[in-house]
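Protein chains in written order, with this note's numbering: chain A, -11 to 185; chain B, 14 to 403; chain C, 924 to 1074.
In short, the hints are calculated from the structure, not lab data. Watch out, some of these pointers could steer you wrong.
[Unchecked claim] Where chain A lies over chain B, by a calculated footprint (3+ residues, C-beta under 8 Å): (1) 185 to 197; (2) 273 to 279.
[Claimed, not checked] Label-pair restraints from in silico Cβ distances: (3) P203/B - Q65/A: 34 to 42 Å; (4) P317/B - T1010/C: 35 to 43 Å; (5) K383/B - D1056/C: 50 to 58 Å; (6) D314/B - K1064/C: 46 to 54 Å; (7) V998/C - K238/B: 25 to 33 Å; (8) E130/B - E1054/C: 21 to 29 Å; (9) E1054/C - P30/B: 32 to 40 Å; (10) D1065/C - L162/B: 50 to 58 Å; (11) K84/A - I384/B: 23 to 31 Å; (12) D1069/C - Y321/B: 39 to 47 Å; (13) S968/C - Q311/B: 36 to 44 Å; (14) P1046/C - T288/B: 52 to 60 Å.
Predicted model only: the values in this text are computed from it and were never measured. No residue lacks a Cβ here, since even glycine has one placed at the ideal position from N, Cα and C.
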Amino acid sequence: MKFDEFRDNDSLELFKKPGGNILLTTIDDIIDWGRSNSIWPLTFATSCCGIEMMATGASRHDFARFGIEVYRASPRQADVIVVAGTIVRKMAPVLKRLYDQMSEPKYVIAMGACAVSGGPFYYNSYSVVRGVEEVIPVDVYIPGCPPRPEALLYGVMQLQRKIKLETMSDPRTADTQRPKKEIDPETDFNNYQFGIR
Amino acid sequence: MTELINVTEPDKLTDQPEDQDKLTEQLEEQEYIINMGPQHPSTHGVLRLVLSLKGEIVKNIQPHCGYIHRGIEKMCERLTYQQIIHLTDRLDYLSAHHNNEAVCLCVEKALEVEVPERVKYIRTIIDELGRLASHQLWWCSFGMDLGALTAFFYGLRDREKILDIFEETTGSRLLQSYNCPGGLMNDIHPNFQKRVKEFITYFRKKLPEYDELLTGNVILMERTKGVGFLSLEDAISYGVTGPSGRASGFACDVRKHHPYSAYDKAEFKEILYTTGDTFHRYKARIDEMWESMKILEQLIDNIPEGDYSAKMKPVLRLPEGEYYQRVESCRGEFGVYIISDGNKTPYRIKFRSPNFSNLSALNIIARNFKIADLIAIGGSLDLVIPDIDR
Amino acid sequence: MTNDQLKEKITAIEPEAVFSENKQYLTLSIPKEKLFAFAEKLKGSEALKFDFLFNITGVDRQKSLEVVYHLDSSVYRHVLVVKTETTDRENPRIDSVCSIWHTAEFHEREVFELFGIKFNNHPDLRRLLLEDDHVGYPFRKDYVDDNIVQR
């Protein structure tokens, strides 16, 4: 489109009309839709849960269906860090550093009992960090030791729902600040599931 | 020793060829230290390797472990023998059943309990299924390390079929905790035998596919043949066991030399190669899958009738003394050493982990090869990091 | 080779070895000063040929610290358990067997870190598992740590 034509475009008037801030929410929606359907995880696995995470990425469960397409080896290219496995005191600073290296917006999924609370190593262990939330903030907790691939998929879908409620102005506090959209469980839940709003 | 040029101030360097040559020469002489890990996709976990490089050639490797050291042995000193089972699962999660079995056999040996024949057969069958699943996963990740992503999808497709069998009988996919001192937690599912037989017929057709996809592949051959030698003397001296040791000619199969459970009832070959390079470590595992299927076929139809567990007391107190049990896990010789003082908890328990010893040999295997070969060598050793750190 | 035959052969090369009761493997203890020379003989002797050291365990016996070596022979398939101990808890020292069995390098580093036993002539005695600033030896029975939640 030529610049002159652009200036004459009728649609520009829409911007001046009251209620033009509707456009802002539309951008929000589009960005949220885009983000929530292209979450790229970091390949970060410390123990058993990592194997289930691999199984989730492989043929049968195929987590690419949800847009969690490619495992990134570098934290700078990743959107979500799935903490799959036990975090011990020696590993905690490394995890913090990995989290700091990720670019915003970033999300954390605590996968498995160890990452949620220390799990089977809660008692009597001198080196285990009891839950990954002592180190980094967590968005979604997935219980299980190890969780089934289906559980990880469900956790990721919950994260997608969370992302879809974000606004550009204040992404992190989105779900509390923003007036809640009425969710009709009958119709809306399916839409959430399939990524349509 | 020639005079060092300060590389940090390149302005002072002239374009003169003598200066440039001198610089190149000195840079070539210096060793370059890089860190690999703890977060690195090809170390399969949180292993950290500090590499000294000379150009692209690895001169020295110093493994730094402990990024997943949970102190399981210390924790076990406060747990009863039934509770320990659930922690041994989480050592080497790909041979969870083998680890459990080692603890159970050790406790049974101490209490002089004779378990029913049926238990021995079922344990052996689950062992071999677990070995197949583990080797399949190793095959996919080895392919992935070398850039063959298709292998990942093929291997995990077939692995899911074994996990389905596990789930039906033991109730869990990965960490089964199916053993308990004295026998098994539950009897097998009525479908068990049928599904195992179905799986073997299926996998006998699929395993040659693996060969077609990877084994004959030019890139794989180039990257593995003649790379990363381990001599027989070194294999024994460094205690490299399992398929990695057997590829060097070290006859260390516990199933053969110190039989346990029902392994003395099955005919199978101990896979031995003498070359000891990366390709033969690869080949040893592929061949082991065939042997595992042979064992399964011999045992699956002959599971004797009987109880799935011997009668055991609810609180187990091992008589004072020391007990050791060796089993062959998927990666080598796993051992449990229990020192008991007569209480219901062990005084000291030690797990001999195969990966710990295998890792110690990494330095001599990968030294003087290129850094890209280190990835192939590390993949062929099939390290599971939580088993190293415990 | 049965345990009795093995016992005879070992008494021949080292009369000071004290055998103890164990149903499974032949077990003996040896003073720590004699350990290295004895280990060399075990590996070197043609009739014994203990060339595969598969396990080193540290044990805290409260009064003393003990190190247990599990040996196997890749030729004869017989197993021997060798124990040695030191009563010095402040500065325990035992000879390293690294130069005889290379696998001991890692195992001894682990025992050093978890029990605080120093191995003489070890080529590279560094920490392996814990953080660099960790205080104390966690596998000793008297170890206390605020991080532990007891149950």
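Consistency of the hints with the structure:
1. Given a C-beta distance limit of less than 8 Å, the hint that chain A covers the region 185 to 197 of chain B holds, as 3 residues qualify and 3 suffice.
2. Against chain A, the region 273 to 279 of chain B contributes 0 residues with a C-beta closer than 8 Å to a partner C-beta. That does not satisfy the three-residue criterion, and the hint is violated.
3. Checked against the hint of 34 to 42 Å, the pair P203/B and Q65/A fails, with Cβ atoms roughly 49 Å apart.
4. Distance hint check: the CB atoms of P317/B and T1010/C are about 52 Å apart, inconsistent with the given range 35 to 43 Å.
5. Our hint of 50 to 58 Å for K383/B and D1056/C is violated, since their Cβ atoms are close to 36 Å apart.
6. Taking 46 to 54 Å as the suggested C-beta distance range, the pair D314/B and K1064/C conforms, at roughly 51 Å.
7. At about 30 Å, the beta-carbon gap between V998/C and K238/B stays in the expected band of 25 to 33 Å.
8. Our hint of 21 to 29 Å for E130/B and E1054/C is violated, since their Cβ atoms are close to 49 Å apart.
9. For E1054/C paired with P30/B, a C-beta distance near 50 Å fails the hint of 32 to 40 Å.
10. The hinted range of 50 to 58 Å is satisfied by D1065/C and L162/B, whose Cβ atoms lie roughly 52 Å apart.
11. Taking the beta carbon of each, K84/A and I384/B are about 28 Å apart, inside 23 to 31 Å as hinted.
12. Distance hint check for D1069/C and Y321/B: the Cβ-Cβ separation is about 44 Å, which falls inside the suggested range of 39 to 47 Å.
13. In this structure, S968/C and Q311/B meet the distance hint of 36 to 44 Å, their C-beta atoms being roughly 40 Å apart.
14. In this structure the supplied range 52 to 60 Å is violated for P1046/C paired with T288/B, their Cβ-Cβ distance being about 29 Å.
Violated hints, in rising order: 2, 3, 4, 5, 8, 9 and 14; the structure is consistent with all others.
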